[in-house]
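First to last, the sequence lines map onto chains A and B. 122 is the number that this note's numbering gives to position 122 of the first sequence; each next residue is one higher, with no gaps. 451 is the number that this note's numbering gives to position 214 of the second sequence; each next residue is one higher, with no gaps.
Check the hints yourself; a few may be wrong.
[Said to hold, decoys possible] Covered, in the sense of this in silico footprint (three residues per stretch, anywhere, with C-beta under 8 Å from a C-beta of chain B), are these stretches of chain A: (1) 2-12; (2) 70-83; (3) 88-95.
Hints in this document: simulated from the structure, not taken from any laboratory. Only a predicted model underlies this, so the values are computations on that prediction, with no experimental measurement involved. Just so you know, even glycine gets a beta-carbon here, dropped at the ideal spot from N, CA and C.
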Amino acid sequence: MRTVQAVAWKEIQIYFSNPMAYIVALIFLAVTGFFFVVDLTDPFPEASLSNFFFGATIVLILLAPALTMRLLAEEQKLGTIELLLTSPVRDWEVIVGKYLSSLVFLLAMIGLTFYYPLLLWVFGRPDPGPIYSGYLGLVLYSAAALSIGILTSTLTSNQIIAFVVASGILLLMYFATLGTGGGEGIWSTLVTEIGMRSHFDDFERGVIDTKHIVYFLSVTAFFLFLSIRALESRRWR
Amino acid sequence: MIQVRGLTHYYGPHLAVQDVSFGVKKGEVLGFLGPNGAGKTTTMRIITGFMPPTRGQVTLADFDVVEQSLEVRRRVGYLPETVPLYTEMPVTGYLKYMGTLRGMKSKQIKNRIRDVIDICQLGDYHKTIIGKLSKGFRQRVGIAQAILHEPEVLVLDEPTIGIDPIQVVETRKLIQDLGKQQTVVLSSHILPEVSMICSRVLIIHQGRIVAEDTPQNLALSLQGVEQLQVEVGGPPAEVLPVLRRVPGVNEVTHRPQQNRELYTIRFQRGKDLRDEISRSIVSNGWSLLSLQAVGMSLEDIFLRLTTHEEL
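One chain only, chain A, in its complex shape (with noise of 0.2 Å):
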């Protein structure tokens, strides 16, 4: 767990000292805010955050891959991934370690949009639940876009076909659901259920579903698992 930790600690360090991911943090809130404000010049504004959700979403599809395309791809390149796989630490500590300094500055940069809600309390009368179950779903979603990224940066070494392919499968997952045309089935219901955006609607409308919260989960899991494994077939491949 203290390897984990060392881990983490140092990227984040590096997070904070390193002008890309500002330039994450500063396009992500010029952007939602965007979205925020889209929803306030209706000539009846309605003071909910389902726009602002919206939006987040759609620009971590290429956020967050921005910020994780570094964090193994630049090791293999610079041959430091050398003495971190000899060094007594286990391949999972490695990927987790990494994951959370990114989760940690991505919720870092969702925190800054707290002043959203607050200017909706100031100025109206906000139904809280969506915005808190919101919330919620972002950082979930947020959780899972990390994940992807993750495994890219440990399938290559060069950062830009890390971000690029990150990218790909999100937009991909994201917008899967406009795939199956509305159609009945099992193949529709198999790709409308990895979808997404069709497990992101419920959070949105204040509903929290144990089962889309499961699904995120499950996502995170899966392609942190997958990037571990490929961190290990380093070792023979």
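With the hints as your guide, set chain B onto chain A.
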């Protein structure tokens, strides 16, 4: 301390190391000498547990590098060929991180960092961001992380490559000092360097060990000595003195290899002792299983080595 048996490694279809066997005793400083691409780095990566061998077994302090990798890694300090540094971290921050990864207590880390900064003469730079250090200093930081946790075995891959002559001298002195307490395995393609630091040298070429000796004997072979490798079916205790008694023979060493009794015979160049040697073996009632000259190939390899320093 280290036992390597029948080590073979392929990178895809490409054979990097072929049936390499050797041992390193505690407190020994062993040098891998060989031209670039000989298989030195591959062997070291396998010893340090970075990757498993295709075939063969490697144990370090009686722990298998594949099965008990974690135990092995706890006991090894490793300096890879390209010094692995996190360039955005300061020297002490980096060392602290490496110490934590090796499971050291934070108090112990603090004390040890002070020590290694002293040993590696990094005093004035301990707060500098690593990315701003010169190559020689980066090398020292690399050595500092390798010795930080006082490992039983130190593996150094080309520790003096790419640094300026004065720093080369200092680095060698440092390694010599470290070799007094620790088991050291280092690789190099510079002959004088290895003779200076190491108590024993393995010459590795195209993935095979072609010679194994003390630096002094290797220097002898450079001065026009030829080698024969003979395999004899007979008791080593009796074979050795007989071979030594053959007129013209300088030295005989016994090297058992997988149930095969191999002897390396050295003699002055220009003579052909094959006749006398085979006759003395057969006349004692032993069987002569193979006889081959290894001197020539050794010479070729030496030609490819850097036998002098480019200062």
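Tell me, which hint numbers fail for this structure?
No hint contradicted; all consistent.
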